[in-house]
Amino acid sequence: MAFKQITSPHAHAAQNTTKVMQLLLWATVPGLAALTIQFGWGSLINIVLAVVTSVICEAAIIKLRKRPVAFYLRDYSAAVTAVLLGLALPPLAPWWVVVVGSMFSIVIAKQLYGGLGYNPFNPAMVGYVVLLISFPIQMTTWITPLALLPEGVSHPGIVESLGIVFAGYSPADGVTGATPLDSFKHSSGLVVDQIYQNDPLFSQAAFAGVGWEWVNLGFLAGGIVLLATRIFTWHGPVAMLAAIALMSIIFWDGGSSESPGSPLMHLFSGASMMGAFFILTDPVSSAVSNRGRLVYGALIGVLVYIIRAWGNYPDAVAFAVLLANFAAPFIDNYTLPRTYGHTDRRRATEKEEDA
Amino acid sequence: MTKTWVTPGGVHPPENKHQSLTLPIGALPIPEKLLVPLSQHIGAPANTCVKVGQKVLKGQKIADATGSVSVPMHAPTSGTISAIEDRPIAHSSGMSAPCIEITSDGKDNWIDHEGIADFEHSSPQILTKIIADAGIAGMGGAGFPSAIKLSPGHQRPIDTLIINATECEPYITADDSAIRERAAEIIEGIGILSHILGNPSNILIGIEDNKPEAIAALQPHVADSGISVVSFPTKYPSGGEKQLIFILTGKELPSGTLPAEAGMVCINIGTTYAIKRAVVNGEPLISRVTTMTGNACGINRNYETLIGTPVSHMLAHSEFNEAACSRLVMGGPMMGFSLTSADVPVVKTTNCILAPSYSEIPDDEPAQPCIRCGMCAEACPASLLPQQLFWYSQAEDHDRLEAHNLFDCIECGACSYVCPSNIPLVQHYRHSKGEILKAREEKVKSDHARERFEFHQQRMEQAEKDKEAKRAARREAAEKAKASTAAATGAGSAADIITAAQARAAAKKVSPEQQQAKFERSIAGAEMRVQMATEKLAEAAADQTDEQKNILTAALNGAKQKLEQAQTRLADHIEQHKELDSEQVK
Chain L
0 MAFKQITSPH AHAAQNTTKV MQLLLWATVP GLAALTIQFG WGSLINIVLA
50 VVTSVICEAA IIKLRKRPVA FYLRDYSAAV TAVLLGLALP PLAPWWVVVV
100 GSMFSIVIAK QLYGGLGYNP FNPAMVGYVV LLISFPIQMT TWITPLALLP
150 EGVSHPGIVE SLGIVFAGYS PADGVTGATP LDSFKHSSGL VVDQIYQNDP
200 LFSQAAFAGV GWEWVNLGFL AGGIVLLATR IFTWHGPVAM LAAIALMSII
250 FWDGGSSESP GSPLMHLFSG ASMMGAFFIL TDPVSSAVSN RGRLVYGALI
300 GVLVYIIRAW GNYPDAVAFA VLLANFAAPF IDNYTLPRTY GHTDRRRATE
350 KEEDA
Chain D
0 MTKTWVTPGG VHPPENKHQS LTLPIGALPI PEKLLVPLSQ HIGAPANTCV
50 KVGQKVLKGQ KIADATGSVS VPMHAPTSGT ISAIEDRPIA HSSGMSAPCI
100 EITSDGKDNW IDHEGIADFE HSSPQILTKI IADAGIAGMG GAGFPSAIKL
150 SPGHQRPIDT LIINATECEP YITADDSAIR ERAAEIIEGI GILSHILGNP
200 SNILIGIEDN KPEAIAALQP HVADSGISVV SFPTKYPSGG EKQLIFILTG
250 KELPSGTLPA EAGMVCINIG TTYAIKRAVV NGEPLISRVT TMTGNACGIN
300 RNYETLIGTP VSHMLAHSEF NEAACSRLVM GGPMMGFSLT SADVPVVKTT
350 NCILAPSYSE IPDDEPAQPC IRCGMCAEAC PASLLPQQLF WYSQAEDHDR
400 LEAHNLFDCI ECGACSYVCP SNIPLVQHYR HSKGEILKAR EEKVKSDHAR
450 ERFEFHQQRM EQAEKDKEAK RAARREAAEK AKASTAAATG AGSAADIITA
500 AQARAAAKKV SPEQQQAKFE RSIAGAEMRV QMATEKLAEA AADQTDEQKN
550 ILTAALNGAK QKLEQAQTRL ADHIEQHKEL DSEQVK
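Order-wise, the sequence lines are chains L and D. The opening position of the first sequence corresponds to residue 0 in numbering that gives the first Met the number 0, with each subsequent residue numbered one higher. The opening position of the second sequence corresponds to residue 0 in numbering that gives the first Met the number 0, with each subsequent residue numbered one higher.
Rather than coming from a laboratory, the hints here were simulated on the basis of the structure. Keep in mind that a hint or two might mislead.
Unchecked claim - Using 30 angstroms as the maximum straight-line C-alpha spacing, the simulated BS3-like pairs for lysine-lysine come out as follows:
| hint | chain 1 | residue 1 | chain 2 | residue 2 |
| --- | --- | --- | --- | --- |
| 1 | D | Lys-481 | D | Lys-469 |
| 2 | D | Lys-16 | L | Lys-18 |
| 3 | D | Lys-517 | D | Lys-561 |
| 4 | D | Lys-128 | D | Lys-50 |
| 5 | L | Lys-350 | D | Lys-561 |
| 6 | D | Lys-517 | L | Lys-350 |
| 7 | L | Lys-350 | D | Lys-442 |
| 8 | D | Lys-16 | L | Lys-3 |
| 9 | D | Lys-437 | L | Lys-3 |
| 10 | D | Lys-241 | L | Lys-350 |
Said to hold, decoys possible - Per the computed footprint, the stretches of chain L lying under chain D, defined by three or more beta-carbons under 8 angstroms from a beta-carbon of chain D, are:
| hint | segment |
| --- | --- |
| 11 | 12-23 |
| 12 | 334-340 |
Every residue, glycine too, gets a C-beta built ideally from N, C-alpha and C.
With the rest of the complex left out, here is chain L (with noise of 0.2 angstroms):
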């Protein structure tokens, strides 16, 4: 009789790394409801476009560097950034921003650094902020939310969106619009109750935003899934979210025309529900550690705040994600746990260091 020699342990929890991805791509679900309730068929056509790009390039890079395309492609590994990108980009942008920010994503931010696993930065952030940077006027162009759209008009149709993506179609008069954080940036001069009640996208908004605050409750919900079957710690995501409202209470300024914005406005407004349950989660680029993921979310929450309240751009989720991707490995060799038996965390470095 003769037996396999195999290592310990032999036992294997169900979990897998597909059935990962494919979690994740349900609990975008919500969010990608609600894109598609108040902004139409756009967020869709993304995806769809976004995904078949992806895969495709994909395949043809793992086939480059000879390796078993089927297996890798298994893992849902880019049909999740794919997905991620489509939900990122504005409703109904031509299909050659969609093609050439997933391009950009997979082939250059995945690929070329080694794949799945080793790349520093996350992939579909690259991909935003290269189109952000390359084409900000298609970038920037967002469609109004449902509740304010003019009388007699409503979102295009499913052929006429096709029609706006690849034929370059113009969408009717009144159907793109500044999104609430742009319009907000840009009331400047206003105290903020002037603008929540001057300001539709404000004045008829349920706490945050008209749209958006239910796409960012969708995203909350979708995260909230997430962390109930553990396939991320809670440390990130409530880091990001609660330096985001620490932030803009410190500098809330009591509503005066200086202000930034309210905790809620920041909260439920432009990415950052999505950011913090789907892009800073993304373990590949974020630091490893539970209290590292404290420090990188952060991290990224005050760049957000940050960036939105004093740069150039509305909103900053891609840029702070990617500056935080940059310090996660500076901050992974200060973020040891106490292992058992130790008194003291140690530091990563610290054999290098007293070399």
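For this one, chain L is given, so just place chain D on it according to the hints.
Same frame as chain L, but now just chain D:
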């Protein structure tokens, strides 16, 4: 309810314990041949004290302990020693090691043995010696000689005795079933331990709450005994010594220290039963409860198994279906190691033989890339960062590995268990630990060599300096002499110089007598070497291999040759001088 503490991390694999608990502990027929490895414990292998062909009785000592950290071995049944040689043993590497094979005579005749009924009246030293002589080593898995844990001379008195009845590995029920059936004897064993350790104030039996029957079996025996049965929520790996100590006492064992340094002794509950049998019944450790389980076997149950029983013998009596078996594991599914052959024997640490089907434990999936998801860190009971250890292990960055406390990893396998990318993390850590230990050893060696080299360099330099000084002195003396001769003769002639040189050469030349003495000395030396080599060869003839004998024979021949050479040279020398002398006489 006694207070317990909660360890970080941990996992909850399916327990799969019920399968082997439907039947009571059974007995297997005595196998035709038993194979007792000489090393079944931590420490030096035992030293055979029987010869091939010798008849032995059950319980008779067949190998002595060697050194302080070692245990003796005893014959598990009566019969004849049929071989003493290297055989494959149960080891994760599949290696071979020295074993004693006993061919059973089927009579199972005991050697005369007698225990001590009233151990309270015996001194701890005597009881510890009995435990040492009975060959008892920790039966929970590590196999550390029990007598050493109990020996006096601890840095501080032992105030806590922890009995490990956790049995946190899935599938294994050896301790569970032993407690259910032998609670009274186990408690008696704990009483012996308590007596040896000077009655520690805390005696705690730590047991997971998935064994209510075992807890109930212990309760009636511990009443008024000062022993507490402490149950706590089931979580793997609560049975690790460090984990259990924390769960029961809230104290962490400082890294790299032993429980005794913290005033604690931790003993597996199966070992306490063996200790009772040794002290009260006078029986050495020759059998243990082993779980035979897994879907590839029709019968899942615990057996009182003789040490040395081939695993194949257990399988043969358990309706084993080889085709259905995905792998054969000694130990549990988390820390057990796979066996490549079923011919290996059950040893003192074998608590389980697991023969799972393919649906139970399928073949491993290929590993996917690590995405640093951190599930491993959430599962780690030692609060390590397994994902970082994995990356640094791949990069062979030893400094980082040590800074990340690699050596605090207990290899429980919780990280690999949860890894969604199927990465064999523990295997990477084992490899890196080995590499680091090797590097440390090499560093010690190279440091030693460097020191020796530096000392040599220094010595050579000093010698050179001394020579230089001598030369300088001679030069000075020669110059002085020259000056004085010049002063005396006015001018030195060429003839004078030649004469002086000849005189110096003559002085340097060794006299024939000296030369002869030198030759005689070298002959004496060579004779001694020949004699030594001959002795060595004679000694070796008894118990060494042909290869070693060949080496010794070659050495002897070499020495003989040198002796002959020296003798020839002396003979030549004497001959020469005789001629010279006779010429001079003429």
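ask   = For this structure, which hints from the list above don't hold up?
value = As far as the earlier hints go, 5 and 6 are violated by this structure, in ascending order.
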